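Q: Chain residues, written in single-letter form:
Number of protein chains: 2
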Amino acid sequence: VFALSPVDATALPAPSARSLQSFEALKNMLDGRASNSAVDRLSYARDMWPLALLWIRQQKCPPPPDVVVWPTSEEEIVNIIQLARQQKLPVIPFGAGSGVCGGTWALRGGISLDLKKLDSISSVDPVSQTVTVGSGVMGETLERRLNAGGYTLGHFPSSIYTSTVGGWLAARSAGQLSSRYGKIEDMVVSARVVLGTGERAQSEVFSNNGPSQLPLWLGSEGTLCVFTQVCLRVFPKAEAQVFRAFEMKSVEVGLEAIRLMFREGLRPAVVRLYDPFDSALASNSHSKPEAESPAAMTRWALTKLRRHMAPHTLGHPVILNRLQKAFSKSRLILMFEGEPERSNDEEKAARAVCLQLGAVDLGQAPGKVWLKKRYDVSYRMSTIIDAGAFADAMEVAAPWSKVLAVYSAVRKAAAPFAFVLCHFSHAYVEGCSLYFSFLGAASNERESEVRYHRLWTHALSAALAAGGNVSHHHGVGIHKAEAFQRSLGAARPVLQALKRRCDPDGILNPHKLGLE
Amino acid sequence: VFALSPVDATALPAPSARSLQSFEALKNMLDGRASNSAVDRLSYARDMWPLALLWIRQQKCPPPPDVVVWPTSEEEIVNIIQLARQQKLPVIPFGAGSGVCGGTWALRGGISLDLKKLDSISSVDPVSQTVTVGSGVMGETLERRLNAGGYTLGHFPSSIYTSTVGGWLAARSAGQLSSRYGKIEDMVVSARVVLGTGERAQSEVFSNNGPSQLPLWLGSEGTLCVFTQVCLRVFPKAEAQVFRAFEMKSVEVGLEAIRLMFREGLRPAVVRLYDPFDSALASNSHSKPEAESPAAMTRWALTKLRRHMAPHTLGHPVILNRLQKAFSKSRLILMFEGEPERSNDEEKAARAVCLQLGAVDLGQAPGKVWLKKRYDVSYRMSTIIDAGAFADAMEVAAPWSKVLAVYSAVRKAAAPFAFVLCHFSHAYVEGCSLYFSFLGAASNERESEVRYHRLWTHALSAALAAGGNVSHHHGVGIHKAEAFQRSLGAARPVLQALKRRCDPDGILNPHKLGLE
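From first to last, the protein sequence lines stand for chains E and L. The first sequence lines up with residues -9 to 506 when you count with the numbering used here. The second sequence lines up with residues -9 to 506 when you count with the numbering used here.
A couple of the hints might just be wrong.
What the hints assert, rightly or not - Covered stretches of chain L (in silico footprint by chain E; criterion: 3 or more residues with CB under 8 Å from a CB of chain E, positions within the stretch not fixed): (1) 143 to 153; (2) 214 to 228; (3) 347 to 353; (4) 479 to 490.
If you are wondering where the hints come from, they were derived from the structure by calculation, not from laboratory data. Owing to the predicted nature of the structure, the values given are computational and were not obtained by experimental measurement. All C-beta atoms, glycine included, are put in the ideal place defined by N, C-alpha and C.
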């Protein structure tokens, strides 16, 4: 049990006595690569969970780790874990801190294990088409290195500048081209881990038989193991990218178009359907087409809303949400990539599906603009927070038969607490992900936090009740731990047994995923 | 520890005392659907592991179960497992008995749990494109039902007439079109299971977060749980099938062609490359083209060899294997399916890849003949056994960079013990499966069995040492249990912990996968 309350960021609590006892040993073990300075502890205290951002606005922060360490090898990680077991110190694997669910918060202090110095990148095996990398490699660094050799990983989360390969695996990341290349779990050929016991394990390349353990490590968010090295499948960099956007009559028709494309076997690299208000904002807020929903939302909120409406408008989101009824058209952005002729053929087939459903062809421009601005939204959070508001995104997935029910239920449940936009992406044969953007405010900090929590409680319950899942690609962390545990049902004790086996002392990232 | 030795099939050992004590309770629980008659026990004593077939030729068989039961519901399965826990009776989940690794052998007697009465098939959800079925549904029955509604599962193992959905999941089956539709594990949307504790569990639809447990049930071969209900992804039945075959200069060039196709993003539904002798047999043994390797091998062995060579020729396979050096050309069969225009485009692109590598176009006929005869081989085993020989297949997978090394190493290691053919199929971006066919004989039954075991010991060790995996789609059972356990490395104790949690009394399919 833990209390989800902040500490004073300007006067952090002292490191624990146990950590102080171990500090010299850690420093010796790591040739000095350990710190318990206030600035380091503060830097590693939070991730990008908006709750922490609300706290930081008040010069508060989540409980910090006692120590930050920077190992450079798997062996050093084994040594750190063995020391932590002896001293009963929590160990929190840390990538680049871009998580949005509190997955790296040091709720019981302990050691923040920064993995970024495990940054080796092998040359690409041109025959098997794989690359082997240290778990601390930064996303953008890897992609650029691959590009230089004519390859791509095909993984483009909007956090790509501030997230690591190990973080992607730990939280089951999805990139913007996942409909073609899969989620990160689909790209992993094999992985090496260190368990909470200090044992090392490696998954088999081509694990085609027996119960597969790799899917247990994936998504375990540091509670069962530390990723050290990963072998990933790579692809030749696409020769062509073919864009096309459409105005669909409604969300329903837009979803039907996506469903039919996947049913036909088409695999657009990008498929994004914006709900009507989001689409309207995108097409009206600028002279040139603008498609990135949360970016558009942000700009709109920070310019039009703040300038032309009362500052407390966001505090009464019901009115804003009602405005949405005036809009019905939904914008769909598609991009096919790969060999030029086949990409064109696929785009043609997708276009036929859309036009048959009465779509209006918007040409290539909206997609190209989207591509250019596709990461922007992830780097504007502080602007919103500075403006006194809060923003967050809730991404869930549902089978096609339940997508509309989830869409309606969440909009209704969230409406009293925040302004709500939604887009649909990460499509599959049997369903897709819904990405809700929330923007809210309240008259004071205390109210903001209460409202933020109520928003989430109501929105996530509504999504689950309507048939959505807990999370599509933002992970679980602390934020969704309770919902995740409930979703396990009878499989819950099996995961607990695994936790006990892999981490008998409960030192690995305590409380995350609801695991002790 | 168990002794791998047969019992007298004409005078089975009596059912155990414990099973006799429980027999009336089982009958009452199941409205009479339980039997301990000799004929039922004998029928469930074996699967299609050739070792059992060698025994049966001598009127011997593997140790039989004490009782066979036919539950009709998940609730009855829970009751059976609870009774079995009390009585410490093994429970062996049984589909349709087509396994080839001894996965359903009742090594310690107990209850053979036939699941075929869990045979419900829901109507297809046309929006989410899923079907929900009982785990005992027979493969061909499901496919025909789906076809009637315009759908396909896309799963075509050659055992399709004699295997169940639950069996597919338990052993991680791959069908002949897996390069397009995936292995069975890629088709499962969610599954319900009963654990060895009697607890029920269900995997989440869209499990996108946290450690995923479904991959633990998949491939567990009845050692952790019993599958009861499965939700599977379905596809519209393909409108078109486009065939093309080529003569490639060598195995090396053939493999390169497949690798380049997958690198380009092509996903042929069928891709099969036969090694030179196999190709020669296929094209020479008949006036019309014949492509199914083991079928051709069988016919050839049973006609030409038996008639024109000394009966003990197969007992000296080194000579036969040397003959292979006279052949170098390798036959490649491709089939694309789906929407007609795109299937044609894909075939054209694949053809360009092959022709650029100097392939000779053999037209559509070889592929069409393959399609017609594609299941035949699995139903000819008894003919070979009757003829006094033995046959088996070893399927492993390897990354592209190691496929040729595995091919050479296995041929060399197996050469003294059996005549060896090989084809390559089930391709992936990073590698493919190698399917070795072995045909051997010896002067007497005892020698045959010794030779069979030596063949496997040498062939599998060679495959593993060269970088192949334990099994691609035939599973583990008893046959590959030791190799499987070794392949786990440091992950072995984690699986053991899982076994203890899911099956604390060790009643579920003891010894299989090397788990107690």
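Q: Each hint: holds or not?
A: Going down the list of hints, with the structure as the test:
no. : hint       : in the structure
1   : 143 to 153 : violated (count 0)
2   : 214 to 228 : holds (count 4)
3   : 347 to 353 : violated (count 0)
4   : 479 to 490 : holds (count 9)
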